[in-house]
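A.B. asks: The lines below spell out each chain.
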Amino acid sequence: MAAEETAQGPVTMLSTPIRLDYNFTAGVAQSKSLRGYAEGRFIGQRCPVCKKVYVPSRGSCPKDAVATTEEVVLPNTATVTTFCVVNVPFAGQSIEIPYITASILLDGADITFMGLIQGIAPEDVEMGLRVEAVWVPKEELGPTLASVKYFQPTGEPNREVSTFAEHL
Amino acid sequence: MSTPPPRQGTRPVAIVACAQSKSERRIEQANEVELLMPVVTEVYANAGMTKDDVDFICSGSTDYLIGGPFSFVTALDAVGVWPPKAESHVEMDGAWALYEAWVTLQEEGKDVALVYGFGKSSLGDLSRILALQLDPYTMAPMWPDQVSLAALQAQAMIDQGLATEEDFARIASRARHNALSNPNAQVANEKTMEELMKDDYAVAPLRRHTLPPLSDGAAAIIMVAGDRAYDVVDRPAWITGIDHRVDAHAFGARNLAESRSTTKAAENAGVSAGPVDIAELHAPFAHQEILLRRAMGLNESTVINPSGGPLAANPLMAGGLIRFIEAANRIMDGSANRAVAHATSGPVLQQNLVAVLEGAS
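Chains as they are written, first to last, in the numbering used here: chain C, 13 to 180; chain W, 70 to 430.
It should be emphasised that the hints constitute simulated quantities derived from the structure, not laboratory data. A hint or two may mislead.
Said to hold, decoys possible - 20 Å max Cα-Cα, derived EDC-like pairs, lysine to aspartate or glutamate:
no.	chain 1	residue 1	chain 2	residue 2
1	C	Lys75	C	Asp122
2	C	Lys75	W	Glu97
3	W	Lys179	W	Glu156
4	C	Lys44	W	Glu97
5	W	Lys260	W	Asp228
6	W	Lys120	C	Asp76
7	W	Lys154	W	Asp194
8	C	Lys64	C	Glu151
9	C	Lys150	C	Asp76
10	W	Lys154	W	Glu176
11	C	Lys161	C	Glu151
12	C	Lys75	W	Glu111
13	C	Lys75	W	Glu156
14	W	Lys154	W	Asp204
15	C	Lys64	C	Asp76
16	C	Lys75	W	Asp122
17	W	Lys154	C	Asp76
18	C	Lys75	W	Asp121
19	W	Lys179	W	Asp194
20	W	Lys179	W	Asp121
To be verified - Covered by chain C, per the in silico footprint, the following chain W stretches (three or more residues, Cβ under 8 Å):
no.	segment
21	134-148
22	319-332
23	415-422
Claimed, not checked - Selected chain W positions facing chain C (in silico; Cβ < 10 Å):
no.	residue
24	Leu105
25	Glu111
26	Ala114
27	Asn115
28	Thr119
29	Lys120
30	Trp151
31	Asp194
32	Arg197
Idealized CB from N, CA, C, for every residue including glycine.
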């Protein structure tokens, strides 16, 4: 054994590639939101107890632990609750830096999701900025949030932070 | 009412309410939250409780089944942890979540626990997923599947004269028959041992009928410490003994035809301290039932797996917890006085959890 080690050297590293393939189940509620994207609209659900609106909904209210069944169609207009100016290049980056990623609170929704902001200089973005969704052309719509090209300013005055503080 | 004294711990803890989904080969529509939500709702209803009554929550599941990180956090959407609750998770079958809850309920001031386990075996290739629980340097890179490993164990039993292929078929025949009265079972039918022996081998010496079904499913339990249990149910299923033991991870380091960890856990749980009316054994492969029965010293008077057991329904990460449910239900409905619940984890019965459940005399 010792002789073999001297001849070839001890094994110090081995590589064991692992690959697993999965089917993904979006679920009943999230499927509705995904199909909504394919129609160019936001579909959420309202909790029957606390009345909060989740978009996309996972089929339950995480606060009240009850199933959410009431569907709510939400508008294209939204408020930027908080944002980040991306200045760092990374592998696979598809948008020219600097650009803005923001937490988007759709009007009538109680939960934010991440969205890209375009049509405004990074230094001009503020919390409370009013924006609207710009969808990809109709023939490119699909069951994915990528159907939303980006959000752009509506020109309305910014919202006071106190009006959406609960969602920060 | 005279509550049976616990062998371990200082506070008696009982299972007071249970719920489980029907096991299915593939639940297409529902995601994990949607699978779990009706089960959690049902267990609260069975206990006459709401989420606000619960002091501690513990779950068992694995991200390897869903193929995404922190899936147990997502699952909390089904449970409602607001205002903030003491909550924990084990990357194991829900039976081990029950064990953690039992430990937690030993603490004064923590009286009620919700325990659940869930798993969808249908999302990936279970043979490859389960290979990843093996030694990552010398074993997992060869991707041995769980059926082949179980076949090695079954062959070792045959070689040592402990069982025959007909014994395996007899167990499968009884499991399928028992499952006819279990509305949550997946494989239920009347087939004689002789009929089953005509099955092809999956991996010799294991024929098709000796394998568990692939199942999607979820299960939940509510546990209560002390006399409060009698407020929920007339006849709580008191956990009078519970123990978890582990055999060596490397197969070469143990005799596969025996289970020393099960023997040790059964001793510590006090299995032989009284007659055992029924035992729900988490033996996913037919031969493992013989092995577990021997390891625990259960005799012919004990009814094994009246629910049909894992050969009838085997949702990964909930299958062990379901053994506790099936045993507890038989204490609570008065059809058994003393029952054994067993759960296993890891390759070929590496880890074993044994509990004794008793009704008050």
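A.B. asks: Could you run down the list of hints and mark each one as holding or not?
C.D. replies: Okay, the hints, checked on the actual structure:
At roughly 12 Å between alpha-carbon atoms, Lys75(C) and Asp122(C) fall within 20 Å of each other, so this suggested pair holds. Our distance criterion of 20 Å between C-alpha atoms is broken by Lys75(C) and Glu97(W), whose separation comes to about 26 Å. The straight-line distance between the Cα atoms of Lys179(W) and Glu156(W) is roughly 12 Å, inside the 20 Å bound, and the hint therefore holds. Among the hinted pairs, Lys44(C) with Glu97(W) is consistent with the structure: their alpha-carbon atoms are about 15 Å apart, no more than 20 Å.
Proximity of Lys260(W) to Asp228(W) is assessed by CA-CA distance (about 27 Å); at most 20 Å being required, the pair is judged violated. Of the supplied pair hints, the one linking Lys120(W) and Asp76(C) holds, its CA atoms being roughly 9 Å apart against a limit of 20 Å. Taking the CA atoms of Lys154(W) and Asp194(W), the gap is about 35 Å. The hint is violated against a cut of 20 Å. For the hint linking Lys64(C) to Glu151(C), the alpha-carbon distance of about 33 Å lies beyond 20 Å, and the restraint is violated.
Between Lys150(C) and Asp76(C), the direct Cα distance comes to roughly 37 Å. Violation of the 20 Å bound is thereby established for this hinted pair. For the hint linking Lys154(W) to Glu176(W), the alpha-carbon distance of about 16 Å falls within 20 Å, and the restraint holds. Note on Lys161(C) and Glu151(C): the hinted pairing holds, with a Cα-Cα distance of about 13 Å set against a maximum of 20 Å. Note on Lys75(C) and Glu111(W): the hinted pairing holds, with a Cα-Cα distance of about 18 Å set against a maximum of 20 Å.
Proposed proximity of Lys75(C) and Glu156(W) is supported: the alpha carbons are some 14 Å apart, at most 20 Å. Of the supplied pair hints, the one linking Lys154(W) and Asp204(W) is violated, its CA atoms being roughly 36 Å apart against a limit of 20 Å. Taking the CA atoms of Lys64(C) and Asp76(C), the gap is about 10 Å. The hint holds against a cut of 20 Å. For a cut-off of 20 Å, the pair hint linking Lys75(C) to Asp122(W) stands: about 15 Å separates their Cα positions.
Simply put, Lys154(W) and Asp76(C) have alpha-carbon atoms about 13 Å apart, close enough for the 20 Å limit, and the pair holds. For the hint pairing Lys75(C) with Asp121(W), the CA-to-CA distance comes to about 11 Å; that is within 20 Å, so the pair holds. At roughly 40 Å between alpha-carbon atoms, Lys179(W) and Asp194(W) are farther apart than 20 Å, so this suggested pair is violated. The straight-line distance between the Cα atoms of Lys179(W) and Asp121(W) is roughly 13 Å, inside the 20 Å bound, and the hint therefore holds.
Evaluation of the coverage hint for the segment 134-148 of chain W: fulfilled, as 7 residues show C-beta separations to chain C shorter than 8 Å, against a requirement of three. Counting residues of the segment 319-332 of chain W whose C-beta sits closer than 8 Å to any C-beta of chain C gives 0, which falls short of three, so the coverage hint is violated. A count of 0 residues in the segment 415-422 of chain W with a Cβ less than 8 Å from any Cβ of chain C is obtained; the coverage claim is therefore unmet, three being the minimum. Given hint, Leu105(W) at the interface with chain C, holds; its Cβ is 9 Å from that chain's nearest Cβ, closer than 10 Å.
Look at Glu111(W): its Cβ only gets to about 12 Å from chain C, farther than 10 Å, so that hint breaks. Interface hint status for Ala114(W): violated, as the beta-carbon distance to the closest one in chain C is roughly 12 Å, over 10 Å. For Asn115(W), the interface hint is violated, the least distance from its beta-carbon to any beta-carbon of chain C being 15 Å, above 10 Å. Using the Cβ-Cβ criterion of 10 Å, the hint placing Thr119(W) at the interface with chain C is satisfied: the shortest such distance is roughly 9 Å.
Interface restraint check for Lys120(W): the shortest CB-CB distance to chain C comes to about 5 Å, inside 10 Å, so the restraint holds. Interface restraint check for Trp151(W): the shortest CB-CB distance to chain C comes to about 4 Å, inside 10 Å, so the restraint holds. The interface hint given for Asp194(W) is met, as the beta carbon of that residue sits about 7 Å from the closest beta carbon of chain C, less than 10 Å. A distance limit of 10 Å between C-beta atoms decides the matter here; for Arg197(W) the minimum to chain C is near 6 Å, and the interface restraint holds.
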